[in-house]
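Following the hints, put chains B, C and D in place on chain A, whose structure we already have.
Residue numbers (the working numbering), protein chains in the order written: chain A, 3 to 488; chain B, 3 to 488; chain C, 3 to 488; chain D, 3 to 488.
Simulated from the structure, these hints should not be mistaken for lab results.
This structure is a prediction, so every number in the text was calculated from the model and none was measured.
Possibly wrong hints are sitting among the right ones.
Identical chains blur together in the list; that is why a pair holds if it fits in one copy or across any two.
Calculated cross-link-like contacts (lysine-lysine; reagent style PhoX-like; alpha-carbon spacing at most 25 Å) [unchecked claim]:
#, residue 1, residue 2
1, Lys419, Lys20
2, Lys228, Lys16
3, Lys136, Lys328
4, Lys215, Lys422
5, Lys20, Lys409
6, Lys125, Lys39
7, Lys228, Lys414
8, Lys211, Lys329
9, Lys125, Lys28
10, Lys228, Lys17
11, Lys414, Lys28
12, Lys28, Lys422
Protein chains: 4
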Amino acid sequence: MALRTAEQYVTDLKKLQKEIYMFGEKLDDWTEHPIIKASINAQKVGFELAQLEEFQDVMTMESTLIGQKVNRYVQLHTSVDDLIKRLFLNFEVQPRIGSCHGTRCSGTHAINVLYAVTYDMDKSLGTDYHERFKRWVTMIQSGDLTCTLAATDVGGDRSKRVSEQMDPDLYTHIVERKQDGIVIRGAKMYMSASPAAEWHVIMSPGAYKENEKDYSIACAIPANSKGVIYIHEWPAVNAARIQEDADIDLGISTYGVHSSAMIILDDVFVPYEHVFLCGETQFGRQIGSLTGRIQRTAATACKVGTLDVMAGAAALAAEANGLNWKKVPHIRDKVTRIVTLAAQCKGCVVGASAMAEEHPSGIFIPDLITANSAKLLEAEASIEASKLLIDVAGGLTGTAPSERDLKNPTTKRYLEKYLKANPDVSVENRMRAMRLCEYLCGVSSTLQVQAIHTGVSPEGQKMTIANAVDMDKLKNYAKKLANIRD
Amino acid sequence: MALRTAEQYVTDLKKLQKEIYMFGEKLDDWTEHPIIKASINAQKVGFELAQLEEFQDVMTMESTLIGQKVNRYVQLHTSVDDLIKRLFLNFEVQPRIGSCHGTRCSGTHAINVLYAVTYDMDKSLGTDYHERFKRWVTMIQSGDLTCTLAATDVGGDRSKRVSEQMDPDLYTHIVERKQDGIVIRGAKMYMSASPAAEWHVIMSPGAYKENEKDYSIACAIPANSKGVIYIHEWPAVNAARIQEDADIDLGISTYGVHSSAMIILDDVFVPYEHVFLCGETQFGRQIGSLTGRIQRTAATACKVGTLDVMAGAAALAAEANGLNWKKVPHIRDKVTRIVTLAAQCKGCVVGASAMAEEHPSGIFIPDLITANSAKLLEAEASIEASKLLIDVAGGLTGTAPSERDLKNPTTKRYLEKYLKANPDVSVENRMRAMRLCEYLCGVSSTLQVQAIHTGVSPEGQKMTIANAVDMDKLKNYAKKLANIRD
Amino acid sequence: MALRTAEQYVTDLKKLQKEIYMFGEKLDDWTEHPIIKASINAQKVGFELAQLEEFQDVMTMESTLIGQKVNRYVQLHTSVDDLIKRLFLNFEVQPRIGSCHGTRCSGTHAINVLYAVTYDMDKSLGTDYHERFKRWVTMIQSGDLTCTLAATDVGGDRSKRVSEQMDPDLYTHIVERKQDGIVIRGAKMYMSASPAAEWHVIMSPGAYKENEKDYSIACAIPANSKGVIYIHEWPAVNAARIQEDADIDLGISTYGVHSSAMIILDDVFVPYEHVFLCGETQFGRQIGSLTGRIQRTAATACKVGTLDVMAGAAALAAEANGLNWKKVPHIRDKVTRIVTLAAQCKGCVVGASAMAEEHPSGIFIPDLITANSAKLLEAEASIEASKLLIDVAGGLTGTAPSERDLKNPTTKRYLEKYLKANPDVSVENRMRAMRLCEYLCGVSSTLQVQAIHTGVSPEGQKMTIANAVDMDKLKNYAKKLANIRD
Amino acid sequence: MALRTAEQYVTDLKKLQKEIYMFGEKLDDWTEHPIIKASINAQKVGFELAQLEEFQDVMTMESTLIGQKVNRYVQLHTSVDDLIKRLFLNFEVQPRIGSCHGTRCSGTHAINVLYAVTYDMDKSLGTDYHERFKRWVTMIQSGDLTCTLAATDVGGDRSKRVSEQMDPDLYTHIVERKQDGIVIRGAKMYMSASPAAEWHVIMSPGAYKENEKDYSIACAIPANSKGVIYIHEWPAVNAARIQEDADIDLGISTYGVHSSAMIILDDVFVPYEHVFLCGETQFGRQIGSLTGRIQRTAATACKVGTLDVMAGAAALAAEANGLNWKKVPHIRDKVTRIVTLAAQCKGCVVGASAMAEEHPSGIFIPDLITANSAKLLEAEASIEASKLLIDVAGGLTGTAPSERDLKNPTTKRYLEKYLKANPDVSVENRMRAMRLCEYLCGVSSTLQVQAIHTGVSPEGQKMTIANAVDMDKLKNYAKKLANIRD
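With the rest of the complex left out, here is chain A (with noise of 0.2 Å):
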């Protein structure tokens, strides 16, 4: 049975030499930086459930290269099964993190890709790579490693094509073919969870021109291979991060970050026996299209667990605020909404996996055009719940006080006493809800929740809307349009 446990993840993981920047330094100990820890922490439940008897089948399958069973991060799709299954996984893993299992997750997409692409480049050109290719899964599985897809190049001046640009390095290429292997350069952006990954899969999807070969890259690197740099993301409230003894105040302080980084290539060997594509431009859209289509889903499929939680914490919050979210009639609305939008989201993705296409090589790959547009809900959805959730909880998301205010004598007495709403629930427990909603709201700059909440609510405008409006006058004109006379 090919499964770590999360702690072997975390001390093969420790091993790797890495060099990682952040806010200005470069990290010694990296793995204990209580960001890059905090996205450890998330890679690491997708391995704990994996060992769960009641997971089995959401998180583990049985691989039909190695004949033994792997986490379904590291899985084939050979049915429509094996990919609604793979969407599953991140139902469940996403609403116990809350934010970004990126590290694995779109190593599975590399992994279905290359697989069907290199398929089809052996039996177009006759050249070898797709077994090359299985060896090096056969590893990946054996060894249940992590392992992202780096595909998004820095990409430079927007109106230009790949080889128009000011400098030939804005997107990621060979610079030197060597006998045993070849030396890439570049930058990829946005890798989400990419610190706590132990092997990166670079690829270069989209068309290119025959004179942009050395483009037109397909291949794998260990995480710690010389000439890698990570230089991490910085997002405004990451400074609260890194304050001593922070919890409630992170609103979710195990997990939380998004932990995304540039990859600096700089001047990085890779042996022919890693790499799965070196300057067959024709098959950079084909790459393109069958990444956005796993990728599409998969992204989609994590959101729906936010939402998930996103409903939750919205219950949650009325109930900490004295309101049962049942009872009440327009928080009962609001948080069915979430569910809605949860459940829409849902459905289409899974739709968009039960109409997959099978391609040659026996990997299944969902719907083109519904995997698009299942993000696209999405993200609406997302920003739709966001709204709701912040109309729900009420000011407090944007403006409560720290923790430490919570710890300090004087304040303590006065917080106690007039943040309490609920009686059944504690003040502490009350900050930590809004806390999680100020997260999941996506809203530290508070400029939302001021949108929303400056004045009174939305529903107490409305209520005022409603009772100020003279609707006798109104229906009067309605009778009288439609002749009724009594």
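Below, chains B, C and D alone, put in the same frame as chain A:
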């Protein structure tokens, strides 16, 4: 001329001893705390513009009360024109600060509401509240003083009335009536930019029953009154602001905070000269209604300014990415949509004022239904604009590295190289533009950026769908149904 | 006093020989045709209200031109107040007719736009168009005449300029310049309620090139000029109106038609006295812009009236179904939403006028961006209100039997028995309410009713979801993320 | 092989004596009435496709019950694949008819629901309903018969329970229990396409109390049973369909009707062989729930087909106006949006089926929350698509002249000349495209067309705004806030 300079305001403010707690500590030199200072900076803009020739009409007016030129923040709305000019004040101040000028903004509401209500009380009850109130306003106008309205009580259990709460202090009330004044206790929530104020008007909106007389209050207190304690908000992003030398990372560093606080009223004494309603429960509902009508227009008006900046920021970010906002159709469409949302809110709020009612006291009050409807429009507009801004600006709004990485020579080299997009925009300025968008979107937890941008932009997905759809088939269905045969 | 009664208007109108085609036939007694009569009825309301004491301020004003009281439909907008009152005219007329009072409505635009443009032409070119135009307006005002603006040409191939069309007549143009006047040819489209007009202003908005001088025209023609031919619209629902004794089935039987027509200008002669622009291409763009700004506000204003009736109709229909609009939370929410949409449009359009610009001629023109934004808001509001109205009123809006079934004794017995809902509302009145909703939703093909109501109402589906969701599970996810342990 | 041809269906149908009232009259040769004939045409498509080789997989299946190939309309859903294929039947049939194939569609629901419920009843109560029901289904499958589900009662006062209504007949109930069968009375509403059916399943969904046993029924009746009376709907647009030679004006002339009817059950006798539930109130709730889950997916699936046609119609109309849908950015955006809406609904409804639950009887039932959420998505999608279609197609959707005007030589000359747009599209075909859009938008009262298009198209307004906005000013605000100095 009763106009202070911004410097005079700060000098006067610094004289006040205030008890302000934030992040677990009592602030010593509170006006120099980086967060409160940013809020004071925002309030200063209102003083600065009032000194400029070109803004005389918008920012100032001749007071009918004191016969001198006063800042519109302390004006009485004695005509429709006054109401509309007061909105233009918000339209002008807000895009310059991008955050909250609530210190004085809500003061205008208090001044106008109590002017009208005390007038009615005197007419109805034979009291002399109105003259008393005029004396107080005269002082505020003459001194060009900053004053906030403190109306919202902490509220306790939302399913219970004022008098049924477990703790009588959950709504502010009179705990003692003395010979020369009253003593009040309670706590006011969500008081935007209140630390920067010199006076607070304590008011109880809403309908009270006969046995709730002690909860029915309106009075004014100096902000440094004994018993006044501030507990400052601590939204997640504020942590970023206490880091040394923070600038680019803050998006808006000079301003950029909400600076709301709970105001604890721990047995504050108020002399009768500053008490304007004291147990006259029958006027509570009117206070609520009038306040709502004025506040809704002002709250919407400031978001108009924010939406205007969001449109500008979207255009700026697109250019930093290498794209001209007006030439790329989908970007023009989205930027124009933000402009349209701003214009709809602006139109609606000006319309609510143009349809104002005159109160017998001479005060003009915006139309009830329109004012509330404008605010609802604004909440939806803000959320939609946030989505559009993330869409246009791209993934960097959630994943930018820190400005410190621009200073570390190792990472600076990579960032200067790989974050270059538009040849005419420096990487630093691109970062500034992205950070501003991050701030304006209010999405610092990165969840919404991920929701919108993971994998590929929405526009990329749409293009995929447009290319994939078999339109001939769909058109053929249409042609057959319409009996079109050629 | 230059005010005709509604009867005088009809008497005068009947004197005009008009060549009107509809449904394949030339109409003989055209003013008595049921469809055109319904349109004439709608125009009469504007005359009727102007006779009533209570509407003097809204419906009439003192003309600065002729020194007499005139109907606001023929006014010059010489102040912000004039502009806003003119909108209130729409707010009042529209909910009384529920359809289109376009005969005179667009006339106001023409009068004001040409007043301003002829003023500028004379200043710039030394022509005497302005005085000529004032003489014509004097006649219109003195006679209280009805006049439409005919601006939109049929347009031909949208991808080609005016002068590049396959047929030169696809845009109206001068075919001959005579000693005493010009001869024009072309066709104007979408002319709302134009059969009921006595005059038409023919105008060419848009920018023309030097070689397109003949297309640049503004002039006025009596509606019965030789060469004027109307081809009347025939939307699918109009068939219902030519059935004998139709009343209930029409939703709005007295009014309830759009009555737009193509106006063919088959070599119509216009004496120079009525020509107000004749080849001055450089003013075409200004005509377009000014017309747009006025027209956008008026078009939005009339939909405000429609939205108001929709709110009333929703409340009426709910009651006919046995439910009190204010007591059932989801119905109150939806009806209030329609009220809010109406108020947002109203506010925005009044705001656009309150922020009007004064043209040197003394004419006030609504703000450009706000006016256009208001119109966009209105289009979305109308569609959303339509959905809400169907939702509230229910499936009968698309599936009601005919009023004739209420007369046939066999079916009458069943309908009286089985369509009874609210004991206080007769089945006939329930049918009337449903038919009014059908009309207002604009959904006579029943597709949208089916889209919304098939199976069960949206509210039923929401309730199902609210009951089915395992909220404890979702809340537990939330609690775990927030580290809430009890 | 148990498959009838369409002709056999019509021949068999014509043999039935039915009492159908419409527009105040009892229909004689009811199958030839133009409205019912259009509905019968729509039902024929399901028979026709089932005869074609290429649709065998979608339209037919091997019945586990009778061991022969049957039409999927009469299938038992015995796997997820069956459920999904049944949806594809809707996806295929709907865009070919653009209206309603409800005659057989709801029959599938009845067959599957009662199969499951009778199974449970027998298990729980020891009855033999299940075998009885299987015999009836065997007959339906063997004869390839058309059968609708009649579930919705007229309902009376919505605020009262079944047993509290003023008239006991407002919900269908047993009025007599005889030796050999029961006699039922009541009226079923909104029965889509029911005149074209050969059988009706009468069913009572919902929870009943002990004293409401007589209201708890499920049974099947031949459509020509004694006591069955249809009162046919008469939506406003139906008047157009009874005019001689109507074709173009109808938008969809071959199909294009909903043809719903009230079905009066005036003491209809049902032999016990066709009674499948008779007073077992405890199963009412299950009937409601199962029906809902199946019906929601089918109702959504047929709108997917409609949305697909709407996308095709939008592209067609744009071309008729002279514009290529894919080359004009805003049209591509809107058409793609309709495609996306269709795909989202399709994905969601397939997903609901892919996540189906197996009932112990072997029947598969779509997921409850997802199925309801899909239907809610569809209602919003339909309205949005309607707006987009009007936007793209333009004002002619509401203002086209009649096809008769194309025949009258006088008007024909003008229409051929002035309605010409795209040189490659005849005026007749442009009219056909516009009429199809009119039908699909469901906007025959022209109100929505006016709401969207009066004055200028939304795109024209947006362009005006884009040109008018002072973006430099807005960008400067942004630059100042971001401290960008160059």
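Evaluated hints:
1. With identical chains, the CA atoms of Lys419 and Lys20 are at most 25 Å apart between copies only, with a shortest distance of 21 Å across copies and 49 Å within one.
2. Only within a single protomer do Lys228 and Lys16 lie at most 25 Å apart by alpha-carbon distance; the minimum there is 17 Å, versus 56 Å between protomers.
3. In the homo-oligomer, the alpha carbons of Lys136 and Lys328 never lie at most 25 Å apart, since the shortest distance is 52 Å inside one protomer and 41 Å across protomers.
4. Proximity of Lys215 to Lys422 under the C-alpha cut-off of 25 Å is restricted to the inter-copy arrangement: shortest distance 23 Å between copies versus 65 Å within a copy.
5. Taking the closest pair of Cα atoms, Lys20 and Lys409 come within 25 Å of each other only across two copies (21 Å); inside a single copy the shortest separation is 38 Å, beyond that limit.
6. Taking CA atoms no more than 25 Å apart as the test, Lys125 paired with Lys39 passes in neither setting, with 44 Å inside one copy and 55 Å between copies.
7. In this assembly of identical chains, the alpha carbons of Lys228 and Lys414 lie at most 25 Å apart only when taken from different copies (19 Å versus 51 Å within one copy).
8. When the C-alpha separation of Lys211 and Lys329 is checked against a cutoff of 25 Å, the pair qualifies only between copies, where the shortest distance is 24 Å, while the shortest distance within a copy is 62 Å.
9. Proximity of Lys125 and Lys28 under a CA criterion of 25 Å is satisfied in neither setting, with 46 Å inside one chain copy and 70 Å between copies.
10. With identical chains, the CA atoms of Lys228 and Lys17 are at most 25 Å apart within one copy only, with a shortest distance of 15 Å there and 60 Å across copies.
11. For the homomeric pair Lys414 and Lys28, the shortest alpha-carbon distance between copies (13 Å) is at most 25 Å, but the shortest distance inside one copy (38 Å) is not.
12. Proximity of Lys28 to Lys422 under the C-alpha cut-off of 25 Å is restricted to the inter-copy arrangement: shortest distance 22 Å between copies versus 44 Å within a copy.
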